[in-house]
Amino acid sequence: MSRPAQRRPGYPKINKDLFVLTYGALVAQLCKDYEKDEDVNKYLDNMGYSIGTRLVEDFLARSCVRRCHSYSEITGIIAQVAFKMYLGITPRVTCNNSSRNEFSLILEKNPLVEFVEELPPGRSALCYCNLLCGIIRGALEMVHLDADVTFLQDRLKGDSVTEIGITFLKKPEEKKYRRKK
Amino acid sequence: MADAALFEFLHTEMVAELWARAPDPSPGGQKTSLSVLEGMGFRVGQALGERLPRETLAFREEQPPKEVPALGGRVLDCPLTLQIGDHWDQRGGAVGSCSRPPPHPQWYTALCPQGTYILQDNDFPLLVRMAAGPQYLEEAPKFLAFTCGLLRGTLSTLGIKSLVTASVTTLPACKFQVVIQRA
Numbered sequence: 001m002s003r004p005a006q007r008r009p010g011y012p013k014i015n016k017d018l019f020v021l022t023y024g025a026l027v028a029q030l031c032k033d034y035e036k037d038e039d040v041n042k043y044l045d046n047m048g049y050s051i052g053t054r055l056v057e058d059f060l061a062r063s064c065v066r067r068c069h070s071y072s073e074i075t076g077i078i079a080q081v082a083f084k085m086y087l088g089i090t091p092r093v094t095c096n097n098s099s100r101n102e103f104s105l106i107l108e109k110n111p112l113v114e115f116v117e118e119l120p121p122g123r124s125a126l127c128y129c130n131l132l133c134g135i136i137r138g139a140l141e142m143v144h145l146d147a148d149v150t151f152l153q154d155r156l157k158g159d160s161v162t163e164i165g166i167t168f169l170k171k172p173e174e175k176k177y178r179r180k181k
Numbered sequence: 001m002a003d004a005a006l007f008e009f010l011h012t013e014m015v016a017e018l019w020a021r022a023p024d025p026s027p028g029g030q031k032t033s034l035s036v037l038e039g040m041g042f043r044v045g046q047a048l049g050e051r052l053p054r055e056t057l058a059f060r061e062e063q064p065p066k067e068v069p070a071l072g073g074r075v076l077d078c079p080l081t082l083q084i085g086d087h088w089d090q091r092g093g094a095v096g097s098c099s100r101p102p103p104h105p106q107w108y109t110a111l112c113p114q115g116t117y118i119l120q121d122n123d124f125p126l127l128v129r130m131a132a133g134p135q136y137l138e139e140a141p142k143f144l145a146f147t148c149g150l151l152r153g154t155l156s157t158l159g160i161k162s163l164v165t166a167s168v169t170t171l172p173a174c175k176f177q178v179v180i181q182r183a
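Going line by line, the protein sequences match chains A and B.
Read left to right, the first sequence gives residues 1 to 181 (the UniProt record's numbering).
Read left to right, the second sequence gives residues 1 to 183 (the UniProt record's numbering).
Be aware that one or more of the hints could be misleading.
[As the list claims (entries may be wrong)] Okay, derived cross-link-like pairs now, BS3-like style, lysine-lysine, Cα gap no bigger than 25 Å in a straight line:
1. Lys142(B) / Lys42(A)
2. Lys161(B) / Lys142(B)
3. Lys32(A) / Lys31(B)
4. Lys32(A) / Lys142(B)
5. Lys84(A) / Lys109(A)
6. Lys142(B) / Lys31(B)
7. Lys175(B) / Lys161(B)
8. Lys175(B) / Lys142(B)
9. Lys31(B) / Lys161(B)
Everything labelled a hint here was simulated from the structure, so no lab data went into it.
In this text, all values refer to a predicted model and were calculated from it rather than measured experimentally.
Between the sequences and the hints, there should be enough to build the whole structure, so can you do that?
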């Protein structure tokens, strides 16, 4: 198990800043390399997917989540445990349909865009935080759950909040479950 | 800490992504990818340097180094190294990867010309997950380029122009060499 880092007083946020700034540099580099916003979004999603497939192991090792029995429990754990653990925020969860397989995570505050004022000119279709969608999708797939994860609303594009939509694609088969995110 | 893990994963993906897209697999092309990574690290280091508390930004003149014979060399205790040491500690040197506490990275300038500092970390967090020993030695520089840029960027915010290179002989130990370029 990882030992908590010794934090010197006066440096409370260096690690989070490091991640946020590195992510910004990465998006800037991708924008330089790819002209189309769709390509940048796609690469961010793919990178997030690779990260998510590994991050879920780290998450399960650090947290003691119990077995989940429904999609809403899983989404709740993503919002209240995973987001809190890695980004320090707790998005609000809403359910979008009666069959209870479509959910939204509403982010009032998004640490990834802390240093971003607005999208670069000519990049209006860029999903700046698309890495997050990929991470969630990759992590869910590692626990045998297929899901579509996209941004439904984005503050950087002028919406009032940032909303991530998770649509679970298959009905769970109870016998196959071992651990749930 | 959890957010350190997030950074480590992101860094690994960045290296993989930039390497996969490198148009030229020859050493020349590799150098381009390395310099892209270093450049990204530089930008991040500059921004991080601006966020350090005020007192670390005041660079005082170098004091004569203290002799510490027990370490087999001279350990520089000057403000510059303390500043970088603080930053390093926060940046990643203090993240433990197993149950024992992480060793503090060592600064030394044994047999180095004036203005050259070497930061040695025997347990560099970005290499710890890769291997322990001589395996993957050729791959290691890719994972150090970003950090070289980071150090160079932070120093440039402190008003110090420098050149930072990294070398590794056995994972996960590595050495960063910082050469201060006096105007």
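Outcome of the hint check:
Among the hinted pairs, lysine 142(B) with lysine 42(A) is consistent with the structure: their alpha-carbon atoms are about 24 Å apart, no more than 25 Å. Simply put, lysine 161(B) and lysine 142(B) have alpha-carbon atoms about 23 Å apart, close enough for the 25 Å limit, and the pair holds. Among the hinted pairs, lysine 32(A) with lysine 31(B) is consistent with the structure: their alpha-carbon atoms are about 18 Å apart, no more than 25 Å. A distance of roughly 20 Å separates the Cα atoms of lysine 32(A) and lysine 142(B); the hinted pair therefore holds under the 25 Å criterion.
At most 25 Å may separate the alpha-carbon atoms for a hinted pair to count; lysine 84(A) and lysine 109(A) meet this at roughly 12 Å. For the hint linking lysine 142(B) to lysine 31(B), the alpha-carbon distance of about 10 Å falls within 25 Å, and the restraint holds. Annotation: proposed proximity of lysine 175(B) to lysine 161(B) holds, straight-line Cα distance about 19 Å (limit 25 Å). For the suggested pair lysine 175(B) and lysine 142(B), the alpha carbons sit about 14 Å apart, so the restraint of at most 25 Å is met.
A threshold of 25 Å between alpha carbons decides the hint, and for lysine 31(B) with lysine 161(B) the separation of about 22 Å falls inside it, so the pair holds.
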